[in-house]
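Engineer: Heads up: the protein sequence lines correspond to chains A and B, in order. Read in order, the letters of the first sequence correspond to residues 0 to 377 in numbering that gives the first Met the number 0. Read in order, the letters of the second sequence correspond to residues 0 to 291 in numbering that gives the first Met the number 0.
None of these hints come from the bench; they were simulated from the model. Note that CB positions come from ideal geometry on N, CA and C, so glycine has one too. Where hints are given, some of them may not hold.
What the hints assert, rightly or not - Among chain B residues calculated to face chain A with C-beta under 10 Å, some are:
hint: 1; residue: S6
hint: 2; residue: L86
hint: 3; residue: P88
hint: 4; residue: F156
hint: 5; residue: L159
hint: 6; residue: T160
hint: 7; residue: F164
hint: 8; residue: A167
hint: 9; residue: A170
hint: 10; residue: H174
hint: 11; residue: L217
hint: 12; residue: M226
hint: 13; residue: V230
hint: 14; residue: L271
hint: 15; residue: F282
hint: 16; residue: F283
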Amino acid sequence: MPSASDTVTPATAATQRRSGGAAIVLKLAGVVVLAAAVLSFPSIAANPFILSVGVVIMSYAVLATGWNFMGGFTGYMSLGHAAYAGLGGYATGLLILEVDMNPWVALALGGLITAAIAVPIGIASLRVRGASFVIVSIAFVLILLLVFQSWASFTGGSNGLRVPRPWGPEVLRPEQHERFFYLFTALLAVALLVWWLIDRSRFGIGLKAIREDEDKAQALGVPTFGYKLVAFVLSAFVTALGGGLYALWFGYLDPVFQFSILGGAYMVLMSLLGGVRSLFGPLLGAVIVGYAVEFFKAEYGDSQFHLTATGLLLAVVVLFMPDGILPAAAGLVKRFRPQSSSIREVTAAELAEQRRAAQGGDQSAGGTHRRVTEGARS
Amino acid sequence: MSLLLQSIVLGLLLGGLYALLAAGLTLYFGVMRVVMIAHSAFLILAAYLAWYFNTETGLDPLLSLVITVPLFFLVGVGMQRLLISRLRPATLTMMSVLLTFAIALVIEGLLGYIWSGSQRRIRLPYGGSDIEILGANIAVVKLIAFGLAAASLVALFLLLTKTRFGQALRATIQHPEAAELLGINTDRVAGYGFGLGLATAAIGGTALSLDATIYPSLHWHWIGPLMAIIVVGGLGSIPGAAIAAMVLGLSQSLLQIELGTTWAQTCFYLALFLTLMVRPQGFFGGRLAQRF
Numbered sequence: 000m001p002s003a004s005d006t007v008t009p010a011t012a013a014t015q016r017r018s019g020g021a022a023i024v025l026k027l028a029g030v031v032v033l034a035a036a037v038l039s040f041p042s043i044a045a046n047p048f049i050l051s052v053g054v055v056i057m058s059y060a061v062l063a064t065g066w067n068f069m070g071g072f073t074g075y076m077s078l079g080h081a082a083y084a085g086l087g088g089y090a091t092g093l094l095i096l097e098v099d100m101n102p103w104v105a106l107a108l109g110g111l112i113t114a115a116i117a118v119p120i121g122i123a124s125l126r127v128r129g130a131s132f133v134i135v136s137i138a139f140v141l142i143l144l145l146v147f148q149s150w151a152s153f154t155g156g157s158n159g160l161r162v163p164r165p166w167g168p169e170v171l172r173p174e175q176h177e178r179f180f181y182l183f184t185a186l187l188a189v190a191l192l193v194w195w196l197i198d199r200s201r202f203g204i205g206l207k208a209i210r211e212d213e214d215k216a217q218a219l220g221v222p223t224f225g226y227k228l229v230a231f232v233l234s235a236f237v238t239a240l241g242g243g244l245y246a247l248w249f250g251y252l253d254p255v256f257q258f259s260i261l262g263g264a265y266m267v268l269m270s271l272l273g274g275v276r277s278l279f280g281p282l283l284g285a286v287i288v289g290y291a292v293e294f295f296k297a298e299y300g301d302s303q304f305h306l307t308a309t310g311l312l313l314a315v316v317v318l319f320m321p322d323g324i325l326p327a328a329a330g331l332v333k334r335f336r337p338q339s340s341s342i343r344e345v346t347a348a349e350l351a352e353q354r355r356a357a358q359g360g361d362q363s364a365g366g367t368h369r370r371v372t373e374g375a376r377s
Numbered sequence: 000m001s002l003l004l005q006s007i008v009l010g011l012l013l014g015g016l017y018a019l020l021a022a023g024l025t026l027y028f029g030v031m032r033v034v035m036i037a038h039s040a041f042l043i044l045a046a047y048l049a050w051y052f053n054t055e056t057g058l059d060p061l062l063s064l065v066i067t068v069p070l071f072f073l074v075g076v077g078m079q080r081l082l083i084s085r086l087r088p089a090t091l092t093m094m095s096v097l098l099t100f101a102i103a104l105v106i107e108g109l110l111g112y113i114w115s116g117s118q119r120r121i122r123l124p125y126g127g128s129d130i131e132i133l134g135a136n137i138a139v140v141k142l143i144a145f146g147l148a149a150a151s152l153v154a155l156f157l158l159l160t161k162t163r164f165g166q167a168l169r170a171t172i173q174h175p176e177a178a179e180l181l182g183i184n185t186d187r188v189a190g191y192g193f194g195l196g197l198a199t200a201a202i203g204g205t206a207l208s209l210d211a212t213i214y215p216s217l218h219w220h221w222i223g224p225l226m227a228i229i230v231v232g233g234l235g236s237i238p239g240a241a242i243a244a245m246v247l248g249l250s251q252s253l254l255q256i257e258l259g260t261t262w263a264q265t266c267f268y269l270a271l272f273l274t275l276m277v278r279p280q281g282f283f284g285g286r287l288a289q290r291f
């Protein structure tokens, strides 16, 4: 049965290889430009406030990318991922304060502790799918809020927790912001690299099979539970590192903000808006949402109206672009790009061959034929 | 002894309110596979409306039901028609969580914007009076709230079991395709189901407004326990939701004696995690319940 791949001539293969190579070069160039833009931001930023907004946005980008290890690959949407950022932050802060640990060791250990906590949580919550999973994720963040508010002797309770700065007083605020901007960027780069590697691995394919149809994936021999659990714990680990670094930067933790469903919702909103299936989707979403949230807060900070603005933004994304901006933009680019299959690439002999197959009464071959001729016409 | 008895009575009264609200959540899930995070935001909205009518016109909160119940029903039907039905069927449940979460944020923001974040409380002429039941002192307003919730729950149950509409709605819950084949307009039924769900939020909110201090972010305190109740009872099962609500309401009230108000709330989450480990589909849910 002739299919699209059978009718590729050496000439078209070469064109495809060439365009594939061009695409890689283009992508690499894009990444380099992006990296250059991000790295030069601190020197362009007009004042420390703008720089601090940049740090906030980068921290959001780390959290959204961390979320995307679970949400993007497996389709399990956690609304309670703020729990892991909060745990990472508190673990880092408490290790420094109670054990007098080096801040950077505390950050790493805080991430590991959170990952360890995520194991039993994952085992319990990954037994259910869809809505029940979301409900459990919300329940987890609410219970942590309760614990961290009530256990005041250990966590500081509602008074919050002051986390000492990692550098002495001789490092001034703007320089502090700059250093943390680069630290967040480095963490983001590592997270993106790991995401990219998983995306291309057998493990990643298994996770995406779970996203498309978990029952079939299981029937095909994907160890679904183990895969989900690993993705879940990894996601919690990256998110916790983001939360821990935030604690070191901001220097103050309040349970109401650390363990809020709103924080988790921001991660979902950023990832969905940018596109959960693409590497840079959450990063793009973080830039847009991070800026929007900071703007709403500055504009409507006194009232609760920034919640309404965030809610409307989320509703628009869910209703009109559930696949995100990047796929929508890619679709738009494709529409205006010259078609890759031109009329010359289907020879008369191939057409005759396809027609013969179509006349054979085979429906799928007929479909191929129709598609090819339509492609040739456009 | 009297403290224990008092806690038991209070727990049952609270459980009645939980049961009504969880029944609403079950309705949305049953007819549409929608998880309605905004349910408790509408609950607080109804409480605010009751408070507003009371302070502006002196209207008794129970009478404000005449306005809020039909209003909420229509809002529910409109919400289902205009928003929920636009979501893709394949990802309906997941996306409904995010969409209704967004609606909850919009409502919370508007409440804070219009009436500020400060705490509000209705002052009723009969607000301070107590009544003695089996040796326990119970506030009259709590009894009225329970009576309202229980009466609505009974009415809802009769509506679902005794009327043609109820039959159509249950058929839609059990097997949407078969219901469609039998000539039931499942879209319309889903809309009415959504309206009914919001009507329960209106009643619950009014009951709540009688003796609670309300503020915009209060809905987060309700959504966790309510969600836990419907998962424990089994997503989609109204009797399951009602029984889980009574049991957990009672547990919360009893735990309060030993642990205090804050820690007592953990019983919902504990029950949720234990249920997932033992019976992921909930105690009255079918096998399907863990898929959505």
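Engineer: What are the numbers of the hints the structure violates, in ascending order?
Structural biologist: 1, 3, 4, 5, 6, 7, 8, 9, 10, 11, 15 and 16
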